[in-house]
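Q: Chains as they are written, first to last, in the working numbering: chain A, 1 to 430; chain B, 1001 to 1347.
Calculated directly from the structure, the hints in this document are not laboratory data.
Heads up, some of the hints might be wrong.
Derived coverage of chain B by chain A (criterion: at least 3 residues anywhere in the stretch with Cβ under 8 angstroms from a Cβ of chain A; other residues may be distant) [unchecked claim]:
| id | segment |
| --- | --- |
| 1 | 1037-1044 |
| 2 | 1327-1336 |
Pairs of lysine to aspartate or glutamate residues, derived as DMTMM-like cross-links and limited to a Cα-Cα distance of at most 20 angstroms, are as follows [said to hold, decoys possible]:
| id | chain 1 | residue 1 | chain 2 | residue 2 |
| --- | --- | --- | --- | --- |
| 3 | B | K1106 | B | D1071 |
| 4 | A | K153 | B | E1084 |
| 5 | A | K120 | B | D1077 |
| 6 | B | K1332 | A | D6 |
| 7 | A | K18 | A | E336 |
| 8 | B | K1051 | A | E406 |
| 9 | B | K1051 | A | E416 |
| 10 | A | K212 | A | E79 |
| 11 | A | K354 | A | D325 |
| 12 | A | K153 | A | D325 |
| 13 | B | K1284 | A | D45 |
| 14 | B | K1086 | A | D6 |
| 15 | A | K332 | A | D261 |
| 16 | A | K141 | A | D6 |
| 17 | A | K354 | B | D1114 |
| 18 | A | K153 | B | D1071 |
| 19 | B | K1051 | A | D417 |
| 20 | B | K1088 | B | D1063 |
| 21 | B | K1145 | B | D1114 |
| 22 | A | K153 | B | E1053 |
| 23 | A | K201 | A | D190 |
Just so it is clear, the structure is predicted and the values come from calculations on it, not from any experiment.
Just so you know, even glycine gets a beta-carbon here, dropped at the ideal spot from N, CA and C.
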Amino acid sequence: MPTSNDDRIRIADAAFPKPFTGGLEFNAPAHGTWNIVHIGFKIPDAHQIYICADNCMRGVVMTAAEMGELSRFSSVILEEDDMVFAGRLEESTLEGVTDVLNLLPEMPPVAIIFPVCVHKFMGCDINFIYDELGKRFPDVKFVRGFMDPVMQKRGTTPDQRLRKAMFDIIPEGKKDGSVTVIGCDMPLSDDNDIKILLEKKGIKIRDEASCKTLEEYYDLGCCDSLVCSYPAGLLGSTALAKRIGKPLTYMPFTFGYDATDEALSKIGATPDPDGRMLCDNAASELKMLLGDNEIAIDYTAVPRPLSLARFLISRGFNVKRIYLDAVDPDEKEDFEWLAANAPDTMLCATMHVKGRRPDRSGSDSKILAIGQKAAWFEGTEFFVNMIEGGGLYGYAGIRAFLRLMEDAFLVPKDTEDIIPRKGLGCACVL
Amino acid sequence: MKKAYKILPVYTGDVSGFASALYELGGMLVIHDPSGCNSTYNTHDEVRWYKQEALIYISGLNDIDAITGNDGKFTADIVRAAEEMKPKFIALANSPLPYLNGTDFKGISKIVEDRTGLPCFYVQTNAMHDYTKGASEAFLAFAKKMLKPADRKIEGGINILGSTPLDHVNTGFVIPEGKTLVSNWAYKTSLEDVMKATQAELNIVVSSTGLAAAEYMKKEFGMPYGLMGSYLDVKREESHNYIVGEPVISGYVASQIKKKYGTDLNVIATTEITDGLLADCDRKCHGEDEIRQALSDADMIIGDPLFELIAPKNAKFVRLPHFAMSGRLYRKEIPDLMRLEDYYNEP
């Protein structure tokens, strides 16, 4: 199946897993998803240092500023000279980081260093820099970040690699009977069956997204097993599990009942026997409220947007559009189900040039959006304001999600005020 | 070390300056960049993105295309997008990787122009400069490519050069009696108005971003220019009172304070373009360390609130938020620069 040059395509006609032809890219004004700065600040007491050109620096430093975290962020600016003279890039990086660390009122226990695309293209000797930094600052643990989006089209994204680098400093801990949940930026919700069911069995949960101190962060390795709940965390959590010799279960929030039961049983949790019925009843009630009003879903809201679409469509909801630029290969079964059973569901690109002029001329229906990008493209004030699945999981999570859909349908939000804010769930001084 | 910033943010970068300058002129602006420039710009450096259309895109450059110099994809993507979005012109901007591999933007512009039939020009950026450089280059490149000599002049007609939300998000320029505003380059404006610029008799430069275009129009079309409020005509003495920021705005504010209160302020110019824009008592500083040292003996400082992070504790600090420095942080506090009484008062 060829990729589409248009900004939208029927799912039955869509290529898998990349439905759209690449081209110039638009960026919608919805910024609730986390970037590498937000993610880096999950290590308590860590200081972040970026080494890049002005324009690249602006986005990351202002992210820190809007979080009220400028005191934990420093910059080393690269200029033309750094790219002309042999060895200058290493020198500027090394001496710049050294200067920054020496200027800080207190030496941080952890420093996350972010070289950029230019370092890779200039063949900068990164290992030399870290070796030297290690000698100069033996009490600082250096996390090897990278801000090199030029690599993300064909490989892993900077945020995937950052998570891995952040997990690389977690020491191998003793087994204490606990389970560590790792890789997602959203703290575990009270409506999360991983938490509910394991705690019911007396098993302690450690949640990477909730660490308040560096000690808590280092203790993430003191567990019997690990759970990764978000796709972008899988690379890092797989490497961590291998290094510390503990089993890992990958269980992103899904709306598929069988997948939920299978994942929960893998971690020794017994799913609520009434879970399916309770979810079905909640969905029926919500369907009565929503009627045939249109629903649009985007990929930033939940890690399994196609499983959500399948769940809703199979219960009679009017899901019209799904905003995504690529399909997670793990969603192949849901993609095929939708193509066969809801072939007119439209897949809509978020980065296509036509996104600048979103087509909002459709029906007169009240539109419920799930996710910030869907809210912007649809021009609706009725939307579920969520990223990364909101810390939900399992039947409790699905029911909570349906309640959020109900709230979103009934209570309008100030979309223009909410969605341009960065890092949903992070501190924000705006 | 000039390059190390312990706590201060950098100013808006040159690529964002390019986009801000040409935002309202109906062109398609393409930044040859992997990712990030567009998001940074529309989040932190642009107040219009949510509601007002502008065709600003990145190329989504990947490593292989960068290494192999695959300009064909870049060119084809631009042509395809232009066919779909129907811009009035196309402007291209550079970023570090295409800068490093020496991408021939002028050649690409020529090819795009041939294939689309639209004016296409390159604006010299590389993401390693501040917004004043990028906006200045954008205004200059636009003027060189698009302006034609006027067949008539508008008596008393003036252009405002260098107005973008980065410097003048809330400024309500006051047009002197007997004068007519012909065009505003380029905020709350249109392509049609800007194209009439050569009908004006005088250019007024309201930030350093407008200086290069003013010089060009003087040379090419014989149009004289002046600086906002003729601020350099107001004599100021050496002082330990400082105003920190972009030189034209800082100089203008300092001159207004001198005229109204007799207080001398020296400009600490912290953006790149300063030639011909500073008085003898003023100075240029680059980087957090230099700025901190320049402010170390201050009695009073006027500047963006973020500069208070490096100001001496005993200096009086007067907040004058600047969007190109603090972005959205103090957006609601940014005053109309024409109304001194709204942001500076002495007993």
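Q: Would the pair A:K201 and A:D190 pass a check requiring their Cα atoms to be no farther apart than 20 angstroms?
A: holds (16 angstroms)
Q: Is the straight-line distance between the alpha-carbon of A:K153 and that of B:D1071 20 angstroms or less?
A: Within the cut-off at roughly 17 angstroms; holds.
Q: With the threshold set at 20 angstroms, check whether the alpha-carbon distance from A:K153 to B:E1053 stays at or below it.
A: Given that 20 angstroms is the threshold and the Cα spacing comes to 27 angstroms, the pair is violated.
Q: Is A:K212 close enough to A:E79, meaning Cα to Cα at most 20 angstroms?
A: Cα-Cα ~37 angstroms, so violated.
Q: Taking only the CA atoms, is the gap from B:K1106 to B:D1071 under or equal to 20 angstroms?
A: Given pair B:K1106, B:D1071 holds - Cα atoms ~12 angstroms apart, limit 20 angstroms.
Q: A:K153 and A:D325: Cα distance at most 20 angstroms?
A: Holds: A:K153 and A:D325 sit about 12 angstroms apart, inside 20 angstroms.
Q: Can you confirm whether the C-alpha distance between A:K332 and A:D261 stays at or below 20 angstroms?
A: holds (19 angstroms)
Q: Starting from A:K354, check that the Cα of A:D325 is at most 20 angstroms away, please.
A: Since the Cα atoms of A:K354 and A:D325 sit roughly 13 angstroms apart, the hinted pair holds (cutoff 20 angstroms).
Q: Holds or violated: A:K120 and B:D1077, Cα atoms, limit 20 angstroms.
A: With Cα atoms ~26 angstroms apart, A:K120 and B:D1077 exceed 20 angstroms; violated.
Q: Are there three or more residues in the segment 1037-1044 of chain B whose C-beta lies within less than 8 angstroms of some C-beta in chain A?
A: Answer holds; 7 residues pass the 8 angstroms Cβ test.
Q: Check whether the Cα positions of A:K354 and B:D1114 lie no farther apart than 20 angstroms.
A: The given pair, whose Cα atoms are some 23 angstroms apart, is violated under the 20 angstroms limit.
Q: A:K18 and A:E336: Cα distance at most 20 angstroms?
A: holds (14 angstroms)
The structure is inconsistent with the numbered hints 4, 5, 6, 8, 10, 13, 16, 17, 20, 22, although it conforms to all the rest.
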